[in-house]
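Given the sequences, and given the hints that come with them, work out the whole structure.
Chains as they are written, first to last, in the working numbering: chain X, 1 to 559; chain R, 1 to 233; chain E, 1 to 154.
No wet-lab data here; the hints were simulated from the structure.
Being a predicted model, the structure only gives us computed values, none of them experimental.
Honestly, I wouldn't trust all of these hints.
[Stated by the list, open to error] To give an idea of the interface, some chain E residues facing chain X are shown, with a C-beta separation under 10 Å as derived from the structure:
(1) Asn26
(2) Asp31
(3) Val51
(4) Ile52
(5) Ile99
(6) Val120
Heads up, the beta-carbon is just placed ideally off N, CA and C, and yes, glycines get one too.
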Amino acid sequence: MALYLTLLEYSIAMSLVGVVAFFVYYLYSSRRDALAEDAESHDYIDPASYARDQLKTKQRFADWSIFLYNDSKSIGLRFIFTSLLFFFIAGAFGILLRVSLTVPTPSVLSPDQYDIVLTQHATLMLYMWAMGITVGLAYYLLPTAIKVRRDNMGSYSSFAYWIWLLGGIFIVLSRSSTRWYFYPPLALQGTLSGAGADNWLAIIGLEMIFVAIMIICIVVIRMILMDRSESVKLGNMSIYAWSVLFTMILAVLSAGPVMIALGMLFYDFFNPIFFTASSGNVLLFTILFWFWGHPIVYIPVIPFFGLIYEMMPTFTGNKVYSYSSAVFGLGLLLVLSMLVWGHHLMNSGLGVAWDLFFSTASFFIVIPSAITVFNYIATMWTAPRIRMTTPMLFIINGIIDFIIGGITGVMQSNVGVNEIVHGTYWVTGHFHFIFLGVTTGIAFAAFYVLFPTFTRGRKYNERLAGWHFALTAIGSFIMSVAWTTGGFLGMPRAVDGYFPFFQPFQDTAILGGLIIGVGQLIFLYNIASSWLKAPSTDTSNILEPDFPEPSGSAVSGGR
Amino acid sequence: MNGSKGGVAFAVIVVLSIAVAVGFVISPQPTSVLSQVIPPNPAYTNSTTLYANAAGWDTPTQYGNTNAAIPVNPTLNYTAGTVVTFTVIETDSLPHNLYIAKGTSENLAAYYSVIGAINPIPGSKYTGEWYAQTPGVYTYWCQVHPTTMVGTINVLPANSTSISNNVVKSTELAPVGVHSPAIQLSISHAVNIQDGFSAISHNSLVLNNCPCFADGPGINWIPIEQIATGIRI
Amino acid sequence: MNKKTKVELMWILGVIAVLAVSMVWNIMLVDNQSAEIAQADTGKIPTGPYVIDVVGRQWDWAFTNYTGNTTYDAFTVQVNHTYTLVITSEPNPGSTAVIHSLLIPQMGLQSYAVPGQTNVIQFTPTHVGAYYFVCVEYCGEYHYTMRGYMTVVN
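Quick look at the structure:
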């Protein structure tokens, strides 16, 4: 009986989904027809090109039509809001992780649930939030930043968006529990206590995300190098455009090995020959993985350095201290971040020479980081006065967090220190400083700056935004400091239980995590409540300067 | 969404997505077909034949009973790490299947279907594999006759150390080196079999009969403040 | 060369100088103590009274001393002797050999346990006491239970 009821429930649910899908398709189709008629009356063959030409470099607002148009700004808005959605989902997972560590033995979550939630938190935060917001802001801001002549390859970008979203959904559906490393002997262990029964689905999802990233990189690199307005020379292109260019080149250069490795890993599910001890090499996957795995942590950071350069002068009232050293620093970051991936495998037995090479290379990362940070400090130092708005507070907090995260990072690149802190909460604290301070914080700053544009001229609640900033900054500081301290004493990460004498560090981290959670609830409430108010300001913002329409710009294949 | 509901819509989507995602991710995960097809390094294999009868499961080999009319619903015992090949032989002309779930009762929320359905012709044979991985109590049953055809499977731990991970038997800890005196190390704590582990509080590690501690049995662990002194660069 | 360029040069050179010093220091220290860094065994596995075979399994550590005695998640060493750990990963019955990593934080000692590879690492305990060790490479559901105490005795 229960079986028939379940079948009935499924069929009713599927019918409802079908009805909704049909209605959406009807709306889409009818509007598409209207657009096609309009395009024909303007001598366009391709309605999509017509729409892109009409919308090019104009401000776009967040509404449902972003899913219908393929112009860069619509794609950008899709990425921004979808990645924000995944930020909240993955953030909820993060809070769950904290809450289940209140006592030294597994409490709220059983160990297998904890591992699944841990994997989801890491993978979604990295690929769906950090990558998504990076790509989204690039798509949204670049057309105005470099004054594009043509807005090309919109269908490719749209395809990339959908395949990226589907990849993320596959990762959730897989309920994988390998952490985001996917280290093979464990990733191939398709049991609940190993990698999760459907880990292969996560690998397919990840591969789809990589395909999307490749498409996006090609589109964006093309946009910057070929579709730039003649008035924008490479030499005086905005620093943000430079940073996005560096990021995309970095992604193209480093994603290949891991795409191949994931393909081999997928084959290993059916015929384990590549990454097993008996017929292959277990460490081979880790080497291929970290060739991408280290650049990925720079990909969501470099564009936000560029965004700081873009936003800071508005609040300090002067120009960026040194344009050339800013671009040089970010470019050096691109080169060096390709050379340091081996420091993730320092204790794996690859030898002293390996350790020393990557340890030394990792030291060099300090040079571009220090150039960048000193540039920010010099800009603020020479400012007549600094306006402490919410975005500026996020920027300053991001710089402070980056300094702490950077110092903890360069400390662990020392071979001896690395032997102590490798795999402990020290590392977790290190990258949460940077990801929460720079990636997430600067993304929030940009979101607040762009909020009036997204919402057709509505102001966000300054008071709530201030609370959001304060709770995020304080919470992330408390959490990460507790982790780095505990990690230095050998508190292992990715565990559902711990030695009872680590209790104080875990408790402090739980406190910090909950503070962050409350801050994000305020953020969500602020979005909803501020959007309900009547428009009270104009839709312009500092990141999208107005400029006269460049002439002679038809989408290729259009008119 | 030209109106002002955009933020509310987004917030609602966020809250719903969080609920769906969290609920889905922490819901019990059925064992997938893939992990059953390629069990990792099966330690043991076992073949079990069951006669399907609406009055109850029957195993002639185990009980020396070839009369399928007498239902026994035997309790099956396997060592953890065993790949069990079930052979189900039809005896009456009724449809049957073989499901296995963790726990002491039938559980339709998370079960593994060893044999989905059999053709109700007496004498027809069906086989299916099941991987007895985690120690514990399982229930096997026929969903067509869930009240009569139901029995228990015990998956026993492969070795005692895998369950009482942290109990160090005094005999296992031999003196290291020639000159060292006999040492008895005893760790006193309760073992929680359910999760195979229990916390060792730091003052429960007690060394007995060890001449290195003049004041006899006592607490001997590095205080957390002194940990940094052990760091070598 | 105006003042701005001077400042830029100063900070770039300053950072490079600090880094160069710490780099050379790092290389010197590491070379002096290269035996205390995990290295894949080159063929001859050391033997002797101060060699301990360590096997990481899902989910316990098995320590075998030269007399053949095996202890799980605990082992004992003598103070002021240089010990060699021979670390690898093997499957428990019904499980898979996966990557583990043994960390004794108070000793500053860490080595991966890789299936099909034997890592060798040396350390010398200098103080009597109990030291905790943990597994720091995620290895499955009960990863957190791969921990215990190393006892250093006279």
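Verification of the hints:
The criterion of a C-beta within 10 Å of any C-beta in chain X is met by E:Asn26, whose closest approach is roughly 5 Å, and the hint holds. A distance limit of 10 Å between C-beta atoms decides the matter here; for E:Asp31 the minimum to chain X is near 7 Å, and the interface restraint holds. Against a cut-off of 10 Å between C-beta atoms, the interface hint on E:Val51 is violated, since the closest Cβ of chain X lies about 17 Å away. With its C-beta approaching chain X no nearer than about 16 Å, E:Ile52 sits outside the 10 Å limit, and its interface hint is violated.
The criterion of a C-beta within 10 Å of any C-beta in chain X is met by E:Ile99, whose closest approach is roughly 5 Å, and the hint holds. The beta carbon of E:Val120 is positioned within 10 Å of a beta carbon in chain X (closest approach about 8 Å), and the interface hint is therefore held.
Hint compliance for this structure: hints 3, 4 are broken, all remaining hints hold.
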